[in-house]
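Input sequences plus hints: build the corresponding full structure.
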Amino acid sequence: MDGFITALPTIFKAMTMGAVPILLAALGEVFSERAGLVNIGLEGIMAVGAFVGFAVAKMSGNIWLGVLVGMLAGVLVNMIYAFCTVTLCADQVVTGMAINVLAPAIALFGYNLFVGSNPANATGEQMASLAIPGLSQIPFLGDALFNQTLLAYLAFILVPVVRYFFHHFRVGLSFRSVGENPHAAETLGINVVRTKYVACIVCGALAAAGGAFLTLCYTPIYTDGIVMGRGFIALATVIFGRWTAVGVLAASLLFGFFDGLNVALQAQFQAAPVMFFKMIPYIFTIVALIFFGSKHAGPKANGQPYFREQR
Amino acid sequence: MAELLRMENISKCFGSFYANKDVTFDVREGEVHTLLGENGAGKSTLMNVLVGLYQPTEGKIFMHGREVQITSPGVAVENGIGMVHQHFMLIDAMTGLENIILGDKRHDTPLLREGDDRKTIEGLMDRYGLEIDLDEKVANMSIGMQQRVEIMKVLFRGAELLILDEPTAVLTDLEVEGLFEIMHSLTSEGKSIIFISHKMREVMRISDRVTVLRRGESIETVDVANVTEQELADLMIGQKFQESTYPKVEDAGEVAFELKGVSYRPEVKHGGLKDVSLAIHKGEILGVAGIDGNGQTPLAEVVTGLVKPESGEVYGPDGKEIALFSPRSFIKAGLGNIPEDRNKMGLVGDMTVAENLVLKQTTSDKFSAGHGKWLKMGEIHDYANKLREENDIRCTSVEQTARSLSGGNQQKVILARELEGEPKLLVAVYPTRGLDIGATEFIHNQIVAQRDAGCAVLLISADFDEVLKLSDRIVVLFEGQVMGTYPGANPPIKEISLAMAGK
Amino acid sequence: MAKKELSAEERSEKRLMILTPIVSVLLALIVGAIIIAVLGKDPIQGYAAMLRGSLGDPAKIAKTLERACPLVFTGLCAVFAYKCGVFNLGGEGQFIMGGCATATVMFGLGLQGPVGLALGLIVGMVVGGIWGLLPGIMKITRGLNEMITTIMLNYVALYFMEYVFKNLYSDSGLPKTLAIPQSARLPQIANAHVGVLVAILLGVFIWYLIFRTSFGFKIRAVGMNPVASKVNGFPVKRLVLLAFIISGAIAGLGGAIELLGRTPFRLADGFGSGFGFDGVAIALIAQLNPIAAIFVALLFGVLSTGGTMMQSVIGVPTAIVEIVRGLIIIFAVAGMAAVKLPKIRAFFAARQNAKVKKAEVNA
Numbered sequence: 001m002d003g004f005i006t007a008l009p010t011i012f013k014a015m016t017m018g019a020v021p022i023l024l025a026a027l028g029e030v031f032s033e034r035a036g037l038v039n040i041g042l043e044g045i046m047a048v049g050a051f052v053g054f055a056v057a058k059m060s061g062n063i064w065l066g067v068l069v070g071m072l073a074g075v076l077v078n079m080i081y082a083f084c085t086v087t088l089c090a091d092q093v094v095t096g097m098a099i100n101v102l103a104p105a106i107a108l109f110g111y112n113l114f115v116g117s118n119p120a121n122a123t124g125e126q127m128a129s130l131a132i133p134g135l136s137q138i139p140f141l142g143d144a145l146f147n148q149t150l151l152a153y154l155a156f157i158l159v160p161v162v163r164y165f166f167h168h169f170r171v172g173l174s175f176r177s178v179g180e181n182p183h184a185a186e187t188l189g190i191n192v193v194r195t196k197y198v199a200c201i202v203c204g205a206l207a208a209a210g211g212a213f214l215t216l217c218y219t220p221i222y223t224d225g226i227v228m229g230r231g232f233i234a235l236a237t238v239i240f241g242r243w244t245a246v247g248v249l250a251a252s253l254l255f256g257f258f259d260g261l262n263v264a265l266q267a268q269f270q271a272a273p274v275m276f277f278k279m280i281p282y283i284f285t286i287v288a289l290i291f292f293g294s295k296h297a298g299p300k301a302n303g304q305p306y307f308r309e310q311r
Numbered sequence: 001m002a003e004l005l006r007m008e009n010i011s012k013c014f015g016s017f018y019a020n021k022d023v024t025f026d027v028r029e030g031e032v033h034t035l036l037g038e039n040g041a042g043k044s045t046l047m048n049v050l051v052g053l054y055q056p057t058e059g060k061i062f063m064h065g066r067e068v069q070i071t072s073p074g075v076a077v078e079n080g081i082g083m084v085h086q087h088f089m090l091i092d093a094m095t096g097l098e099n100i101i102l103g104d105k106r107h108d109t110p111l112l113r114e115g116d117d118r119k120t121i122e123g124l125m126d127r128y129g130l131e132i133d134l135d136e137k138v139a140n141m142s143i144g145m146q147q148r149v150e151i152m153k154v155l156f157r158g159a160e161l162l163i164l165d166e167p168t169a170v171l172t173d174l175e176v177e178g179l180f181e182i183m184h185s186l187t188s189e190g191k192s193i194i195f196i197s198h199k200m201r202e203v204m205r206i207s208d209r210v211t212v213l214r215r216g217e218s219i220e221t222v223d224v225a226n227v228t229e230q231e232l233a234d235l236m237i238g239q240k241f242q243e244s245t246y247p248k249v250e251d252a253g254e255v256a257f258e259l260k261g262v263s264y265r266p267e268v269k270h271g272g273l274k275d276v277s278l279a280i281h282k283g284e285i286l287g288v289a290g291i292d293g294n295g296q297t298p299l300a301e302v303v304t305g306l307v308k309p310e311s312g313e314v315y316g317p318d319g320k321e322i323a324l325f326s327p328r329s330f331i332k333a334g335l336g337n338i339p340e341d342r343n344k345m346g347l348v349g350d351m352t353v354a355e356n357l358v359l360k361q362t363t364s365d366k367f368s369a370g371h372g373k374w375l376k377m378g379e380i381h382d383y384a385n386k387l388r389e390e391n392d393i394r395c396t397s398v399e400q401t402a403r404s405l406s407g408g409n410q411q412k413v414i415l416a417r418e419l420e421g422e423p424k425l426l427v428a429v430y431p432t433r434g435l436d437i438g439a440t441e442f443i444h445n446q447i448v449a450q451r452d453a454g455c456a457v458l459l460i461s462a463d464f465d466e467v468l469k470l471s472d473r474i475v476v477l478f479e480g481q482v483m484g485t486y487p488g489a490n491p492p493i494k495e496i497s498l499a500m501a502g503k
Numbered sequence: 001m002a003k004k005e006l007s008a009e010e011r012s013e014k015r016l017m018i019l020t021p022i023v024s025v026l027l028a029l030i031v032g033a034i035i036i037a038v039l040g041k042d043p044i045q046g047y048a049a050m051l052r053g054s055l056g057d058p059a060k061i062a063k064t065l066e067r068a069c070p071l072v073f074t075g076l077c078a079v080f081a082y083k084c085g086v087f088n089l090g091g092e093g094q095f096i097m098g099g100c101a102t103a104t105v106m107f108g109l110g111l112q113g114p115v116g117l118a119l120g121l122i123v124g125m126v127v128g129g130i131w132g133l134l135p136g137i138m139k140i141t142r143g144l145n146e147m148i149t150t151i152m153l154n155y156v157a158l159y160f161m162e163y164v165f166k167n168l169y170s171d172s173g174l175p176k177t178l179a180i181p182q183s184a185r186l187p188q189i190a191n192a193h194v195g196v197l198v199a200i201l202l203g204v205f206i207w208y209l210i211f212r213t214s215f216g217f218k219i220r221a222v223g224m225n226p227v228a229s230k231v232n233g234f235p236v237k238r239l240v241l242l243a244f245i246i247s248g249a250i251a252g253l254g255g256a257i258e259l260l261g262r263t264p265f266r267l268a269d270g271f272g273s274g275f276g277f278d279g280v281a282i283a284l285i286a287q288l289n290p291i292a293a294i295f296v297a298l299l300f301g302v303l304s305t306g307g308t309m310m311q312s313v314i315g316v317p318t319a320i321v322e323i324v325r326g327l328i329i330i331f332a333v334a335g336m337a338a339v340k341l342p343k344i345r346a347f348f349a350a351r352q353n354a355k356v357k358k359a360e361v362n363a
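Chains as they are written, first to last, in the UniProt record's numbering: chain A, 1 to 311; chain B, 1 to 503; chain C, 1 to 363.
Because the hints were derived from the structure by calculation, they are not lab data.
Pairs of lysine to any residue, SDA-like flavour, derived with a Cα cap of 25 Å: (1) K376/B x V204/C; (2) K166/C x F277/A; (3) K344/B x K14/C; (4) K13/A x I157/A; (5) K230/C x Q361/B; (6) K274/B x M141/B; (7) K237/C x G298/A; (8) K230/C x E420/B; (9) K300/A x V307/B; (10) K300/A x K237/C; (11) K230/C x T297/B; (12) K176/C x Q270/A; (13) K137/B x A93/B; (14) K344/B x G298/A; (15) K300/A x I140/C; (16) K360/B x S406/B; (17) K469/B x H281/B; (18) K469/B x V249/B; (19) K344/B x G407/B; (20) K137/B x V176/B.
This is the structure:
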């Protein structure tokens, strides 16, 4: 038990670190699903964000340029999804799956070119942590909450912003209506197609930012499969968080906690078969869904294609 | 009165099919102008063109004598046109207020100003006598209030021309009176209304002029003062129309199916059953009348085995109490089912017509070898062609997908399949919804023929005229309860419509 | 089967649906060529190398077939599940668990020879089926989205395999298992193991099962419209559960065959890696037709084995073939959706009608 308490700061630190990429991607997915688009391509978009962020930061030496270009790349990839699902009315799940095949391939191809040409490129830039004086000294939680990278702070600040957007902005209300009943929205002069495209832009940018966090704040390298299912965990987070920003925050912290537990246990019991610890976040995701995931339905028109002149 | 709207030579094609062809009509200020036509006559399409949801293939639209291009619903709103759709365009998860202000652009700020808007709306509520609970979620509102929210949405946007698409279809008689009062107060304030309906009585009462549409074309515009109900009906159908009548059965056979004190989710106002008892006899049609959403769906689900009632007893054709509620066992016991939603519940749209016709018999020895293992493709094809001939199912081939058929032909596929098993109990839920007169006649004839062959028929319909026409006995459902049982021959219509309103 | 008389519109749509994947492959190859050209390499030389590297001689063909073999299994796994409306993304996990189970039969029970082989295959299939059953139970009892649960179970399986090859049956402490004993390996026909033949036969069998049996009829009906299936008396839940199990068992058998048939005959890092998603891609490109899935899997095999040769000849990363694969599926998905769009349908139907009329005039 003493071991557990001494390990708490490590767990909390790993919790916030683990929560951020999931939080960013899940917030993106909230926008997408509020506009009626289930995007299971998060995983792929995160991979692209992770690689482009990594490569651009390394090349330019400017980490924020890396984040920005990574987000842009995420948007571009998600525009493929948007075109297929919104304009062509393709099946959303199928298209998302196609993105999950294509996007990591693009990232891997880029990586092979980038690092293959110069092995010194294998290790990238890392974003420095900003300790907030005073607050970061709080026992147990201080280091976890107030000694983070700027990108992580931004992710957490985004939560109230998103909440405010959906509840107090005219566009926020329109956004929700598109996911609930696009035909009704259309009759009120809301441009459904444009709203869905905007949702895809936001979703692509945020998911890619989550990916970039992995290579710019978590670990300074890119490897194929670095996202490790976080895109899908983010999908579960959205269900778990009831399609709200605050809910998503709580859920991703919870997922982050179990990720942190895994890290702490690995450090604590080095002799044990660590792979069983590594399973924890994935098993927890399933368990969480079993207990809390099923009954609540999301936006009503979620996942359905929207044909304007349907007959 | 000055002219407000003129639509000139409007045509609208879907593929090679003309939903509207060369339609012309106009609306004056302060009048109620009715569009009259059968299902599929092109009324809704025409209105969707007017509100910018569809783009016309040809034709021009004028407001106040000026030509306008209505390229999107937003443009229609700017031109003072607003529509209350037959299927309400509301967001269930939002409040009345949110639904009304949604998408409105009167304020320059990107932020919502609910306080200001609330005042404006309350002013309009007083002026036109519209009672709305602005803070209630739409999902929890009565149908009547949902409709008032729809009307308020249109008024809030400053509409001069309101389109009401079959607004009375979902209302009780009392609510219809309320609606008509609102319509009067609107026209007395100079607003114009396009009223869409096929209920002659209402049309005669509320409208100033009527334009009749038939097969997508505008046939004639008449002053209501100068025509009779019969003349309008003939115009609408295009020939002297004599509706067929069926002899009623008064002494039916023994009980084939019975519910005793059945309850299912009684706490749900619009989706439960409360202590329902009814018996369906062999060789009779028991009609269930009632406004949509008063327990019809759960009743249909109980008698087809889809759900198990929470309390009460159900007795099957053999007179024994039913313990196992599954569609499978009900079908085995002799159930034929024409479900509520043919595309969702009756057909597998992406399968072929032939496959849909044998849907229930895939493991029978007739269509499979090795006791239900391998399909006999040839047999299935021939059988499908036989049923296609017998039931006049119009399709280019039985290998075509069921989805591509018209509504009437889809219903014929279901009917052919369900009646082939010679059911002991036939449950028909909204069997003719959305069908034209020809298909409706065919289906009515088939249902009555089943009755005459000794089958017990339960007919559930929100179309009161259909219930009156076919039923040998009538029960009325209101909020999940049986309000009373009435004879089908010389039914007390007044009493029944009061019962439908819960009186 | 009796002859089909379809309307012009349906015929033109059917033709377009068949054409779409073929055009997608060509388009993807063209985009791939453009990328190669942009890198300053010769795309024709590259594609020639790819063909030589994958189909150049019997040994290479055999290698390509063996590479395609597991993809046929994961592809069929996806096809079968989707036919019943189940979006199983867990092919990889089921494949891996099949492999782990087989390894346990070999090393845990110490079986060898034909008995070990037979038991290995059976146990692999059973365990794959069980791994597929888990998300099925969660879907049916708790309504959980199988996409998320199957992906999560993939990672659980992945780490379990790590445990198997690092801790349980490690080859003298190295991160790989011992090799399957010679006597229990799959026999070879013309340089390729017989698993390839099993895969092809299985594809044909699945086609027959889906399209020619009452069971398949029900599976398809449930996949297309579960509500109508329930109303018409099909045991929907049982069928969905069976779809999960069968689809998992197909992948599990694939894992067993991969371990017993293909060099290096061991479990190690990378075993089955990416096969699940590839299987999904194959199923979608094949439009859920099991026989078409075999051919698409072969194409994927050619791309994979040929990609290595292309890399060594013209020096572009092998990842280019993954991009080509990704593009094929994007183009196929977009193309199939486009064909179904009302506007595009009307356009082709009008053209078809014009043709018919022209023919009438000429006659």
